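Line by line, the protein sequences are chains A and B. For the first sequence, the working numbering begins at 1 and goes up steadily by one. For the second sequence, the working numbering begins at 1001 and goes up steadily by one.
Hints in this document: simulated from the structure, not taken from any laboratory. Any given hint might turn out to be false.
Only pairs whose alpha carbons sit at most 30 angstroms apart, straight line, appear in this in silico DSBU-like list of lysine-lysine [what the hints assert, rightly or not]: (1) K57(A) with K1038(B); (2) K1070(B) with K1003(B); (3) K1106(B) with K1070(B); (4) K1003(B) with K1038(B); (5) K1106(B) with K1003(B); (6) K1070(B) with K1038(B); (7) K14(A) with K57(A); (8) K1038(B) with K1106(B); (9) K1038(B) with K1016(B); (10) K57(A) with K71(A); (11) K1003(B) with K71(A); (12) K11(A) with K57(A); (13) K11(A) with K1016(B); (14) K57(A) with K1070(B); (15) K1016(B) with K1106(B); (16) K14(A) with K1016(B); (17) K1016(B) with K57(A); (18) K71(A) with K11(A); (19) K11(A) with K1070(B).
From a predicted model like this one, the values you see are computed outputs, not experimental measurements.
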Amino acid sequence: DTGVSQNPRHKITKRGQNVTFRCDPISEHNRLYWYRQTLGQGPEFLTYFQNEAQLEKSRLLSDRFSAERPKGSFSTLEIQRTEQGDSAMYLCASSLLLIAGESTDTQYFGPGTRLTVL
Amino acid sequence: AQKVTQAQTEISVVEKEDVTLDCVYETRDTTYYLFWYKQPPSGELVFLIRRNSFDEQNEISGRYSWNFQKSTSSFNFTITASQVVDSAVYFCAPSSNSGYALNFGKGTSLLVTP
């Protein structure tokens, strides 16, 4: 059983550049989440997909951030015009909706992509 | 859940000691879920336990046990006979109002020394 995978694992970029991260969820998981974690803090929710539909976005997700899950499988998170404050670990998680109407599944996390903006 | 507090920032114990990690949360919801995750030095969050708010039966799984008390909004986690491999940051995470997102605390860093 393959877990959640994320690529790249590390990304160093210069301020103002665009970056894109990819997340491959656990096979057949229909829900996918993005979180951001800065040093010394717990992960903070960014956005959530059920299949290909983006159903919830945090206020943390500024206009420079966009996430997609075009075919309900893998997802991409793009940050445009990166700023130094974007430096963080970006975590992806996936879960399987088992019971219709139940909102909270168990989320399984990937290893994360560490972004450093110089 | 609105807010979660993990008051213990760092805990250091000697191997084989028991250790309890505290978690207190605030919520206006009547139904919600509570999670504990572990983040070892490698960085990957590892799922430990999921509880729903209407099941207050406490649980023991090997060296791990959980004490959920809805009346005090607490969901504490105990490791019995700690081992060096237990060294990690432990996060308590109640579900959000929408139910999808998890609200993570700041975590408790546990160091177990030989």
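Hint check:
no. : hint                   : in the structure
1   : K57(A) with K1038(B)   : holds (25 angstroms)
2   : K1070(B) with K1003(B) : holds (15 angstroms)
3   : K1106(B) with K1070(B) : holds (21 angstroms)
4   : K1003(B) with K1038(B) : holds (19 angstroms)
5   : K1106(B) with K1003(B) : holds (11 angstroms)
6   : K1070(B) with K1038(B) : holds (22 angstroms)
7   : K14(A) with K57(A)     : holds (26 angstroms)
8   : K1038(B) with K1106(B) : holds (12 angstroms)
9   : K1038(B) with K1016(B) : holds (19 angstroms)
10  : K57(A) with K71(A)     : holds (19 angstroms)
11  : K1003(B) with K71(A)   : violated (34 angstroms)
12  : K11(A) with K57(A)     : holds (24 angstroms)
13  : K11(A) with K1016(B)   : violated (39 angstroms)
14  : K57(A) with K1070(B)   : holds (29 angstroms)
15  : K1016(B) with K1106(B) : holds (25 angstroms)
16  : K14(A) with K1016(B)   : violated (47 angstroms)
17  : K1016(B) with K57(A)   : violated (43 angstroms)
18  : K71(A) with K11(A)     : holds (25 angstroms)
19  : K11(A) with K1070(B)   : violated (42 angstroms)
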